[in-house]
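*Asks:* This is what each chain is made of:
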Amino acid sequence: MDWSGFLWAAADSSELATPIGPACACVAGRLLVAVALAALGLWCLLALDSKWTRRGGVGLAAGGVLLMASQLQLVQPWGDWLGFWLLAALAVLPAAAMIVSHRPVYSAIWFAVSLLGVASLLLWQGAQFLGLATMVVYAGAIVVTFLFVLMLALPAGYGRYDRISWGKLPVGVACLVASGLVGLCVWGLSPAPGAAGESPWQLAKPASTGMLSEDLLHPAHVAHLGSHLFTEYLLAIELAGVLLLMALVGAVSWMAQAQRYWQVPGDGVERTDHV
Amino acid sequence: MSDTAILQNHLFVGAVLFALGLIGFLVRRNVIVMFLCVELMLQGVALSLVSWSRYHGDWGGQMLVIFIITVAACEAALGLALVWIMAQRGGSLDIAIWQTLRERDQAPYTDREVPEEDRSVEDWPQLTPAGVEPVHPREEDMYRSHV
Amino acid sequence: MFEAISLRTLLILIPALPLSGAILTAIFGPAILRRQSHWPTVLGLAASCICSLMLAVKWQGQLPQDGKAGQGVEEVVTLWEWVGIPQAYAPSPATGLAAIAATENHAPLDFRIDVSLRIDTLTATMLVMVTLISTLVAVYSVGYMHGDEGYWRFFSYLSLFVFSMTMLVTVSNFVMLYVFWEGVGVCSYLLIGFWYRNPAAAAAGKKAFLVNRVGDFGFALALFLMWMTYGSLSFHDTDTVAGVLGARRFAGELSFVGGGVGTAICLLLMAGACGKSAQFPLHVWLPDAMEGPTPVSALIHAATMVTAGVYMIARCMPLFVAAPQAAWVVAWIGAGTALMAGLIALTQFDLKRVLAYSTVSQLGYMFLALGMATLGGVTAGMFHLFTHAFFKALLFLGAGSVMHAMGNVIDMRRFGGLRHRLPITHATFAIGCLALAGIFPLSGFWSKDAILAAVHDQAHATGASSYRVLYGMAMGTAFLTAFYTFRAFFMTFYGPQRIPEEAGHHAHESPKVMWIPLVVLALFAALVGPMLEWTHAFAHWLQYTPSLAMMAQAAGATGAPAAFHWDVAVTSTAVAVAGVALAAFLYLGHRREVAALQYVFRFGWMNPSEAPSDWESASPHAAAVANVTRPGGHPTVTGHCPSDHPSGSHGHEHGPGLLALPARLLKAVGCGLWSLLTLPLWLGQFVSPYQMSHSKFFVDEIYDVLIVGPLRGLAHISYVLDRVLVDGLVNGVGGLPVRLGGWLRKSQRGFVSLYGLLTVVGMVLVVVVSFWWGV
Amino acid sequence: MARLLLQTLALPFLAALLMPIVARLGDRAVRAWTLLVTLVTLTLTVSLCRGYLQESPGTDGFAVSDVAWLSSHATEMPLVADGATGPGTAIWDIRFHVGLDGLGLWLFALAPVLMLTSILVSWEAIQDRPAWFYGMLLLLQGGCLGVFAARDLILFYVFFEFTLLPLFFLIGIWGSEQREYAATKFFLYTLAGSLFTFLGLLAIVLWHYQQVGVLTFSIPALTAGLTEHPIAPFGLQLAIFLALFAGFAIKVPLFPLHTWLPLAHVQAPTAGSIFLAGVLLKIGTYGFLRFSVPMLPDATAACAPALLWLSVIGILYGALVALAQTDIKRLIAYSSVSHLGFCMLGLFALNRIGSSGSVLQMVNHGISTGALFALVGMLYERYHTREISAWGGLARRLPVLSCFMFLFTFSSIGLPLLNGFAGELLVLVGMFQRAWQGQLAEPFTQLKWIAVLSVVGVVLGAWYMLWLVQRVFFGPLREPHGIHGVPVRDLNWREIAALVPLAVLAFWIGIYPQLFLRPIQPAVDALTHEAQGRWEAVDRPPLADRQAFLLRRSR
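Residue numbers (this note's numbering), protein chains in the order written: chain A, 1045 to 1319; chain B, 22 to 168; chain C, -7 to 767; chain D, 1151 to 1705.
So that you can see chain A by itself, here it is in the shape it has in the complex:
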């Protein structure tokens, strides 16, 4: 075997990369515009502070997202399509609002609303237990804990630092990067016009939608979930339980310790220089 060949094998990968053809240039072009719009919108919302910029930002962001969405395959029956997009909007818009709002309390609440949207999407997909669990556990318990701590730590409701995010440039970069990521995913998902429904990420074909899916979509979904949960994943469940216990004990011990440490301000214990 030719020794020198061996040396160069690794680097010689030309036959693997698919040529990115001009066909899907227009799709990429449109996506780029969408990404730019979304980024600009978010940037206006976050970096600029006047009322008008906020309204403009919302408009731009919405336009960008919709433009991106138009790339995707449309869910055929119109009823479903409309339903889906409503729920999607219910998930996405509060999330955007959460980021943008200046009051941490409002963000928490917007987050809860967004959870509602996500849970409904999960239900829409047939994951009944998860949908409800998200609503009950996540929105109910976790977000409420957030609010408690928020109340404890921020009696005034909001701090100056809530109004100021970082300088205009870092915000711009963050928005651009994030929306760029989304654009990339969409470009990956959207079928290249020429190829036969084939997207660059050759999606693995779904397993036989026979036995498994009907088991998954079976009305007694939760029963099936339970059976799987306590057979295949028994160990994981036990571990999760232990994890929760540890978290509990941890949180309590910390708070107790902190309490003692912070007995009364000004009793000779000066704050560390925290800047």
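Honestly, the hints are just simulated from the structure, not real lab data.
No experiment lies behind these values; they were computed from the predicted model shown.
Using N, Cα and C, we set each Cβ at its ideal position, and we do this for glycine too.
Among the clues, some could well be false.
Cut-off 25 Å, straight-line C-alpha distance, at most; resulting in silico cross-link-like pairs (SDA-like, lysine to any residue) [what the hints assert, rightly or not]:
1) LYS738(C) <-> GLN120(B)
2) LYS738(C) <-> GLU124(B)
3) LYS1598(D) <-> VAL206(C)
4) LYS738(C) <-> VAL753(C)
5) LYS1212(A) <-> GLY742(C)
6) LYS504(C) <-> GLY139(C)
7) LYS1598(D) <-> ASP102(C)
8) LYS738(C) <-> PHE88(B)
9) LYS1212(A) <-> GLN120(B)
10) LYS1212(A) <-> ARG123(B)
11) LYS738(C) <-> LEU85(B)
12) LYS504(C) <-> GLY399(C)
13) LYS1095(A) <-> ALA1133(A)
14) LYS50(C) <-> LEU5(C)
15) LYS659(C) <-> PHE577(C)
16) LYS1598(D) <-> GLN79(C)
17) LYS504(C) <-> TRP31(C)
18) LYS1212(A) <-> LEU1092(A)
19) LYS1598(D) <-> VAL1609(D)
20) LYS1598(D) <-> GLY252(C)
21) LYS1212(A) <-> LEU1104(A)
22) LYS1212(A) <-> GLY754(C)
23) LYS1212(A) <-> SER739(C)
24) LYS1598(D) <-> LEU706(C)
25) LYS1212(A) <-> ARG741(C)
26) LYS1598(D) <-> ARG104(C)
27) LYS504(C) <-> GLU141(C)
28) LYS738(C) <-> ARG123(B)
A few chain C residues that face chain B, going by a derived Cβ cut-off under 7 Å, partial list only [said to hold, decoys possible]:
29) ARG741
30) PHE743
31) SER745
32) LEU749
33) VAL753
Starting from the structure of chain A, add chains B, C and D where the hints point.
*Replies:* Chains B, C and D alone, transformed into the frame defined by chain A:
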């Protein structure tokens, strides 16, 4: 409705949620809001996991989401305890305070311009007084010029 | 008993005895022998001398008695194999195969060097001379070195030297010759630097060794070239391969390599000889070597070591015959050195330096003789070497006893008129000077005459004008030799008696143990020449050396190689007598005439301000002047000329000189004549002929400026280069990661959002790359 | 005989291991114990050498012992190319394969001799933690013995790296002012080089495995294998040669890579620098002769002129810089750069005289420079300074020391009747033969310039050594100001005993070198035969088309 269409749409929504969470985390300065954004990113991931599990007809995705929720709960508990301690010690929830891990000879990251407090715009929520009057932090904490 | 000892044991005994003497002195000297540590050396050398005489006599018996020329007789004794590498060198057809043993299938040659000794007439002669003179010098130095705290060390070095010299002369291999060539160099280094506490002696020792090493550089190159062309490095034929000077080559089976390579070999050999025998380019070390004790100068720098170069060229004469240009160069180097050394010796004030330069000059004579590359030339050269050893050793030992008496003062200006105080030294020194000058009955006349005859024959044979020029230069040198020899003789022993303070109480004749060798040497100096010349014994004896036998064949079986030329003899005697007369005229009686001529020679009349002070009474001034031009020191080139000669103007209480009237007349004529002749030199305001001669033609300074200085500068530059460039490069590469780390460190700002951003950027990179790479 | 060799190798390591126990008995016991162990090792080595000389086994090994060390008989799992499955079941077979041959014999014997000198020299000099000091010294000696006796690639490399560690500690702990810097620089510099060497060695093993199908690490087998199947692609062979060159050239301080040597020598303790100069520098040239020349003949033939230029520059450069030194130890360090330039010159002249001369010169350099460093150590012990200008006329005060100094100075500048001359003569004759091999009247090619310049090196060598001796030992007596009243005494019996063996060896090699050349010559000839064939067969066209020719000729 073709499965791939459903998958694609859900993945798109998951991606958007993830991106928003990411932006929130990078941009916001309030520790709790950053924490919330992380939770949001988790939700984006959970959504795409479920859609893939549905697409592949495999329980794994959903199982993982369950565990994500568990972990998120633990994390929230511990995280918030820490945040609280930070707030007590640092005096405020601003992430910019905590820059002591930097190299000795490096300057901390400070905001260039601090926009003046535009009091006229805000309409304060009038919360009904509850229990003991909390200790009002000293004035200067609120409008401190440096970080 | 005489026949019982075989040649082989004699040959081994001769070097073995001095070596054992050296070892015994070295071991027992410091502790046990201390005052008596000269006995092992003296006995060893005496025994070795007797052995070499017996060897010579026995060898005489072995020579073919039919007197036919051209038979080389030799005997080789191999002791042990020094280095042997089989099939070391396969000569490609390009190398002159004629010179290498024409083995059938060009089988590769073995590189074989073994320690082997040889006997032939040339070696026997050299052995007799070396051992005889070293015995006499050893006896002499018992008295001379008396009371020196390094007494045992001197004698152990002396016998070590004689061991190396005897081995050098008997060894039969070029590599072994090189080995003992450097061995002798080391012994001269140790002996010159014997009084190591004197920095000048240490520097002189180092200088001698280094200049010899430069000469050996040439000799080594010749050695390697010889290995490439002749395929062997031994003189004699070994069973497998023909020696360089082996019988098979003389028998015509193989030829000597001529042409470019042959000349190169001979020239490089000559370079080695020049280094050792202090010829022109490399002669600077011999005058400085006078720092060593006088017996050392007598033995090493007059009689034995310096003749090693002449011996080597005589041994390799067939090579020079094959490369005539090289022989021509040897002749010219010889003549040039002789003339130059003669000129320098004219103005030296240190008695030993005068003798040192006369040695360089006489060696130039021998080189001139050898340069003729004829049998007559070689025999004359060797004959002169033989006789010169005796009378030069005599002169040096005489100078030694003068120094001994004068409390180690050797500057002639500080003493004079010693003929009454040191009668024996005076007499023997006179004989030595006569011999050196080449006056009729003594040996110097015969050997120098033989050389002049050889040059004369060669001039007639070839008709080339260059040989006539050489003959003229030789005659000029003869005149100069006679002049400076007797100048020194008169300045030391004649004129008003003056004893320097250092002499203290013992300014008297040296003890018996010192003047007996003087007398013996004087006898030899007087008788050796005529004895050997009349009976042509020397010529016959040398013919049987293998190297010279071949030339004897070529010169035809005439037997008497160099007939006695009456015309040459007369001219040389006339010239010698003229030299003596001039010296007498100038240096006998009052010095006024001398001052006048000095005044003229140094263009005194051109800078009137500088009135020449009285040399006689200016002893303090002389001392001041001494350190300006101290012997061996470097006179300041631009300094003013030492005006240390009494001027004629203010009278001198000693009354009119012997020849007052003609002196004044001569002065007027001299000034006029001289100013015409030296018009071109008139421009050289500050460098007068006297200055040039006195400061040895500035050869030392030139070498310092051209060679020593630049090399030292280069050394410093390369050291700085090493520290800055090479080390800098290495440390630079070493420091690269440190700098890189420092730059990366800045990114750790301890700030959560920044870490978040960095993570995101990383994620983006991964996504883009995976997209692009399409994995 | 094989058992004897194993004992000699094991002894130093055992002694070092037992050192903590002996340390408890006090400092004197430690020194006595080390001296005893060294004397025993010396006697074993002497009997080994005598055995070798009597048997004179020529090219095949002597006292060979071959024990499986790190070899596994795993299932059939091809290492490199899946096609070529090796016949043997063993996948990697690293054996403890030791033995002596002509090349390694004298260097093997040199280590205990220098060890004896180092111990006796540092008898009183080392006061703090002598147990550790002598332990490190024993490990160093064990490492050196191992390197020259190893006949397995990995074993060689293990010992090659192992010698670095003890010396690092020796210089680092017991050195003088800048000891840490010197130790680190020495260690890192040599280590960096030896990593490339390891790459090169592995490439050789893999090529052999691919061509011959047998994965073996034993050096003789590899050499034989590579003579039948030389590394065809010249580019690869050159790359491997350069990799090996990097490691070995740093160890032999070849010209541009020598800056670690003066620093390490100046800062090392006396024993350390004796060993560093005496034995460690030879590992580089030994490596060239054992690996580069026999296994990569084409590359050696192609690179030989360049290496010759480097060694000549090394000779002249070392001599010149030594001339400008004010520190006596640094001067001797640069002189060893110059002397090892001679070894490399002889080695890459690629003919019989040159290579045997080069090996002999390695031994000579070990003896003369080892002794010189011992003497400098004794001077430092008395005057605690290394500045040449501080001394003057010491011959008056220390006659015996100056006598030994003269002896070893003359031996180091290559004076006949002493050991330096035989080596230098053979090296120069070898180089001349290589330069004048073609037509004699050929235009003055570069090789002839190299030959002539190397002889100039001999003259320069004499200059700086004699100048050193003159400044320090001759002239009026002048001692460093530090000495307050206490008269410095001359060498005591211990110090003389340290120098006498080296002096005897110096005279012995000077007077009868054939005894030492007889074992060297056949072994070295077998190693350089192939490369010599390549060079002469090509009859030396200019370098460029020689490479083209070699390429065309690749089998």
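*Asks:* Determine for every hint whether it applies to the structure shown.
*Replies:* Hints and how they fare:
1. A C-alpha spacing of about 14 Å is found between LYS738(C) and GLN120(B), which places the hinted pair at or below 25 Å, so the restraint holds.
2. Restraint check for LYS738(C) and GLU124(B): the C-alpha separation of about 7 Å stays at or below 25 Å, so the hint holds.
3. A hinted pair counts as satisfied when its Cα atoms are at most 25 Å apart, and LYS1598(D) with VAL206(C) qualifies at roughly 19 Å.
4. For the hint linking LYS738(C) to VAL753(C), the alpha-carbon distance of about 17 Å falls within 25 Å, and the restraint holds.
5. At most 25 Å may separate the alpha-carbon atoms for a hinted pair to count; LYS1212(A) and GLY742(C) meet this at roughly 21 Å.
6. Between LYS504(C) and GLY139(C), the direct Cα distance comes to roughly 16 Å. Compliance with the 25 Å bound is thereby established for this hinted pair.
7. Restraint check for LYS1598(D) and ASP102(C): satisfied, since their Cα atoms lie roughly 22 Å apart, inside the 25 Å limit.
8. Distance restraint check for LYS738(C) and PHE88(B): the Cα-Cα separation of roughly 38 Å exceeds the 25 Å cut-off, and the hinted pair is therefore not satisfied.
9. As the CA atoms of LYS1212(A) and GLN120(B) are separated by approximately 21 Å, the hinted pair is consistent with the 25 Å bound.
10. Under the criterion of a C-alpha separation no larger than 25 Å, the hint pairing LYS1212(A) with ARG123(B) is consistent with the structure, at around 23 Å.
11. Distance check on the hinted pair: LYS738(C) and LEU85(B) sit about 39 Å apart at the alpha-carbon level, beyond 25 Å; violated.
12. At most 25 Å may separate the alpha-carbon atoms for a hinted pair to count; LYS504(C) and GLY399(C) meet this at roughly 18 Å.
13. For a cut-off of 25 Å, the pair hint linking LYS1095(A) to ALA1133(A) stands: about 23 Å separates their Cα positions.
14. This hinted pair checks out: LYS50(C) and LEU5(C) have alpha carbons roughly 15 Å apart, not beyond 25 Å.
15. Our distance criterion of 25 Å between C-alpha atoms is met by LYS659(C) and PHE577(C), whose separation comes to about 13 Å.
16. Taking the CA atoms of LYS1598(D) and GLN79(C), the gap is about 22 Å. The hint holds against a cut of 25 Å.
17. Between LYS504(C) and TRP31(C) the alpha-carbon distance is near 17 Å, which keeps this suggested pair within the 25 Å criterion.
18. Taken as a hint, the LYS1212(A) and LEU1092(A) pair is honoured in the structure, with Cα atoms around 8 Å apart against an allowance of 25 Å.
19. Simply put, LYS1598(D) and VAL1609(D) have alpha-carbon atoms about 18 Å apart, close enough for the 25 Å limit, and the pair holds.
20. Distance restraint check for LYS1598(D) and GLY252(C): the Cα-Cα separation of roughly 16 Å lies within the 25 Å cut-off, and the hinted pair is therefore satisfied.
21. For the suggested pair LYS1212(A) and LEU1104(A), the alpha carbons sit about 18 Å apart, so the restraint of at most 25 Å is met.
22. Our distance criterion of 25 Å between C-alpha atoms is met by LYS1212(A) and GLY754(C), whose separation comes to about 22 Å.
23. This hinted pair checks out: LYS1212(A) and SER739(C) have alpha carbons roughly 21 Å apart, not beyond 25 Å.
24. Taking the CA atoms of LYS1598(D) and LEU706(C), the gap is near 23 Å; set against the 25 Å cutoff, the hint holds.
25. Between the alpha carbons of LYS1212(A) and ARG741(C) the distance comes to roughly 20 Å, so the proposed pair stays at or under 25 Å and holds.
26. Proximity of LYS1598(D) to ARG104(C) is assessed by CA-CA distance (about 23 Å); at most 25 Å being required, the pair is judged to hold.
27. Under the criterion of a C-alpha separation no larger than 25 Å, the hint pairing LYS504(C) with GLU141(C) is consistent with the structure, at around 22 Å.
28. Taken as a hint, the LYS738(C) and ARG123(B) pair is honoured in the structure, with Cα atoms around 9 Å apart against an allowance of 25 Å.
29. With its C-beta approaching chain B no nearer than about 5 Å, ARG741(C) sits inside the 7 Å limit, and its interface hint holds.
30. Among the interface hints, the one on PHE743(C) holds; its C-beta lies about 5 Å from the nearest C-beta in chain B, closer than the 7 Å criterion.
31. The restraint placing SER745(C) at the interface with chain B holds, with a minimum CB-CB distance near 6 Å, inside the 7 Å limit.
32. About 6 Å separates the beta-carbon of LEU749(C) from the nearest beta-carbon of chain B, less than 7 Å, and the hint is met.
33. Because the beta carbon of VAL753(C) sits about 11 Å from the nearest beta carbon in chain B, more than 7 Å, this interface hint is broken.
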